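Final position of the sequence shown in the working numbering is 189; the numbers increase by one with none missing.
Hints in this document: simulated from the structure, not taken from any laboratory.
If you're wondering where the values come from, they're calculated on a predicted model, not measured in any experiment.
The list that follows gives simulated cross-link-like pairs (lysine-lysine, DSS-like), each with its CA atoms no further than 27 Å apart:
hint, residue 1, residue 2
1, 15, 114
2, 15, 35
3, 60, 138
4, 38, 15
5, 132, 161
6, 22, 60
7, 132, 60
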Amino acid sequence: LRGRGIAWSPNDKQLVFSAKAGAEHQIHIVDIKTEKIVRSIETGLESIYNTTWSPDGKSIVFARTEVYQKDSIADASSVLLDEHDVPEFIEDKEPFKFNLYRVPFNEGRGGKAEPIEGASHNGMSNFFAKFSPDGKWLAAGGGTPGALGQVRLWSVPEKREVRAYGIQTDAVACVGLDSVGSHLALL
Numbered sequence: 003l004r005g006r007g008i009a010w011s012p013n014d015k016q017l018v019f020s021a022k023a024g025a026e027h028q029i030h031i032v033d034i035k036t037e038k039i040v041r042s043i044e045t046g047l048e049s050i051y052n053t054t055w056s057p058d059g060k061s062i063v064f065a066r067t068e069v070y071q072k073d074s075i076a077d078a079s080s081v082l083l084d085e086h087d088v089p090e091f092i093e094d095k096e097p098f099k100f101n102l103y104r105v106p107f108n109e110g111r112g113g114k115a116e117p118i119e120g121a122s123h124n125g126m127s128n129f130f131a132k133f134s135p136d137g138k139w140l141a142a143g144g145g146t147p148g149a150l151g152q153v154r155l156w157s158v159p160e161k162r163e164v165r166a167y168g169i170q171t172d173a174v175a176c177v178g179l180d181s182v183g184s185h186l187a188l189l
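Let's have the full structure, built from the sequences with the hints guiding it.
Take a look at the structure:
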């Protein structure tokens, strides 16, 4: 499997990552002792990236985007495309936008993956989410590719965005929170 985004469980006994399995991505749980995948959670979704655990271990958060499909390239004879094949991305008319989703862990049984209110379908790209250690805050890098980067901060209990920090660079790739949850680091 070729994984995307890996994170330790809050009890440091498991890892979580996503990988493509057929047409969709699955979320895989690895037992640290056995070094084997012990659970695979099907979400019914494609293009899952940057999995992370909630601090209480009850849910897994990830970023996802819609799979791009275009009739004019559906029958392409090569997996490599020329910039003229997809001008909407080159000219920044259709940037990829990532949304944050949450799926219950349920001891590895999973559940229904749902978009996180305020962190999905809000006109911005939101990816690489990280929780504060107490689980009260969720930070995510994002912004508009080719324009202004942003770090967005949500109150988890209130289910709302409380602050957006504009960064004078392209989209923010990833964020980190210190062990107290009072300082952000970004790339």
